[in-house]
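Visitor: Go by the hints and put chain X onto chain P.
The listed protein sequences correspond, in order, to chains P and X.
Under my numbering, residues 1 to 504 are what the first sequence spells out, in order.
Under my numbering, residues 1 to 155 are what the second sequence spells out, in order.
There's no promise every hint is true.
Taking CB as the label site, the calculated pair distances span [stated by the list, open to error]:
#1 Asn341(P) with Leu134(X): 30 to 40 Å
#2 Ile84(X) with Thr195(P): 43 to 53 Å
#3 Tyr141(X) with Ile286(P): 49 to 59 Å
#4 Ser410(P) with Tyr141(X): 48 to 58 Å
#5 Arg67(X) with Ala480(P): 18 to 28 Å
No lab work stands behind these hints: they were computed from the structure.
This one's a predicted model, so the numbers in the text were calculated from it and none came from an experiment.
All C-beta atoms, glycine included, are put in the ideal place defined by N, C-alpha and C.
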Amino acid sequence: MDLSYLWTGFSVALSPMNLLIGFVGCFLGTMIGALPAIGPINGIALLLPIAYTMGLPAESTMILLAGIYSGAEYGGRISSILLNVPGDAGAVMTALDGNPLARQGRAGEALMISGLSSFVGGILGVVGLTFFAPLLSGLAIGFGPAEYFVLMIFAFATLGSMVGSQPVKTLIGCVIGLMLATVGLDATSGAYRFTFNEPELGDGIEFVVLVIGLFSISEAMLMLEHQASGGSIIKIAGRTFARWADIVRCTGATLRGSVIGFIVGVLPGTGASVASAVSYTTEKRISDRDGTFGKGDVRGLAAPEAANNATAAGAFVPMLTLGVPGSGTTAVMLGALMLYNIQPGPQLFAERPELVGGLIASLYIGNVLLLIMNLPLVGVFSRVLTLPNWILVPGILVLSIVGVYSTHASMLSILMMLGIGVVGWLLRKLGFDMAPIILGFVLGRVMEVNLRNALAISGGDLSILFQSTISIVLWIMAAAVAILPFVLSWRARQVKATAPQLLS
Amino acid sequence: MTTSTGPRGAVRSDRVGAVVLFALAVLYGLDASRISYSFSSDPLGPRVFPLILAGVLALLSLIYFFRPGSSEPWPQGRLLASSIAIPGLVLVATLLLEPLGFAIAITLLVTGVGRIFGASWRFALFAGIVQAALWFLLFRYLLEVYLPGGSIFGF
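Just chain P, with the same shape it has in the complex (with noise of 0.2 Å):
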């Protein structure tokens, strides 16, 4: 296998400027994740229009957005440990054992186990990218634009399915955000398209805005509210090295949440969340025999903290190598390179070797940087845990008003900012995740492209989409991932019905 890329990136990520990005970006991701509040999409959001503005290369922010994303992974621990306060939905399970163990006495031993696991994962994780996104790449230069068109099915349908507990919010979200896309002007027709005659719009929506009003305004106002829920900290007393054979009964869960990590991370949009609640369930019916999981088992710790973990490494691969993120923080990633005019896709590795080799080798060095600051450092960061809200939220609004003032400094960007920011707030008090928004609208363009361009091979006819080999295989699996719940839910009612007569 040729992996000529990777050295290139190593000459890049090395180079002395990227490296300090590479540290700036792991420190600040840390910070983000331990913060109780906000996680790495959040910060992503604030932190990709201060780094455009500043004239970063595109290889040099990607380093920057990756080191806050695997830092923030690394961070989310500390909240959810010491505080039982996820900073967002992939650190939720993390808690579930991490803050027992910490209410023992144990929150040193604690955060170095879920440390170490992290690192283990984030490791395996950039190893699997690093073998697997060339080969998918090289799979997906035979795609054109029907198969294209399928992926985006295929991408909506494990969204759909997977992320999330209510599908139809879910899925009503990719389509608010593939609508948002069409907005501008129509480059095949020349026609301008939901503009209302605004020549600002004809560009279509600014991304920076979009991001900036979805994952900072609504998040500030959903802050006041959920203020009030705060515990107490926990101090990091006792041992701060955990027990040699704690490590060591981690062992498996480590690795098989690194393993289901990274394939979910793999698979198009569903994310940290998804991977941590996978790998944490199937860890519990593994190695749960005596009942301790959820009062401080360190496997309970270890597995989805492993899964997270990966889950970023693994995001990267269907994002660097189809265009297709593979969680909510890959998809304004994505957005950023497109602020760049780079579409990624299979060409990207023959292409921009620098830029995927650069990203992938800051990974591996992040990784090892990360362990460092989160094993011995981890009481510095946990410091941030007290930082009070009345500092921190004006601070993420004074990011916000600079990165779109910097970037679009027009008084309609900060309005429509605002704008989306309340309907951001109102869509998520009924129960709605931002991050489908997102990736309909990276991908909106494409798949309307992709059909179209299909279409116009064809001369119009719709069996364009069901030829080859690669477009049957992805509608299959789209039917398959949408199914999916459904039998999931039949054979828990068949479990559930069987069970009382087992267990009794």
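Guide: Frame of chain P, contents of chain X only:
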């Protein structure tokens, strides 16, 4: 917290949400059918994809209406007013950004939002001045992002 809507309230707000989304689908579809173009190099043209989206959203919002899920209770009274005040303060701060400059606008924003999040006047004002200064130094000198100095001061 001053919220009192139970599960029935959640179903009701889901129903309202579904109706609004259905209306959005209809309006979007109507606007899509009126897109004017003279020529398109593909058989679909610029109208069909949006029309499909409108149809899908209409269908999904019907499902949503008849099978509502779970949602959060709505804030009421002061909490609601404070929630709305957050984007309001951001708007005021951006309006003041060019005439009064970054430092003053941000001091006002941080102080105001700090008050909403329960800081005392003294702490909020202190945080406002400190944050305005720190952000200004960070952006202006370390990250080299342009920020308005304030036109009334001649910057």
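Visitor: Compare the structure with each hint and give your call.
Guide: Outcome of the hint check:
Taking 30 to 40 Å as the suggested C-beta distance range, the pair Asn341(P) and Leu134(X) conforms, at roughly 34 Å. For Ile84(X) paired with Thr195(P), a C-beta distance near 28 Å fails the hint of 43 to 53 Å. Range check, Tyr141(X) to Ile286(P): Cβ separation about 54 Å, and the 49 to 59 Å hint holds. For Ser410(P) paired with Tyr141(X), a C-beta distance near 26 Å fails the hint of 48 to 58 Å.
A beta carbon spacing of about 23 Å between Arg67(X) and Ala480(P) agrees with the range 18 to 28 Å that was offered as a hint.
Hint check: violations occur at hints 2 and 4; the rest are consistent with the structure.
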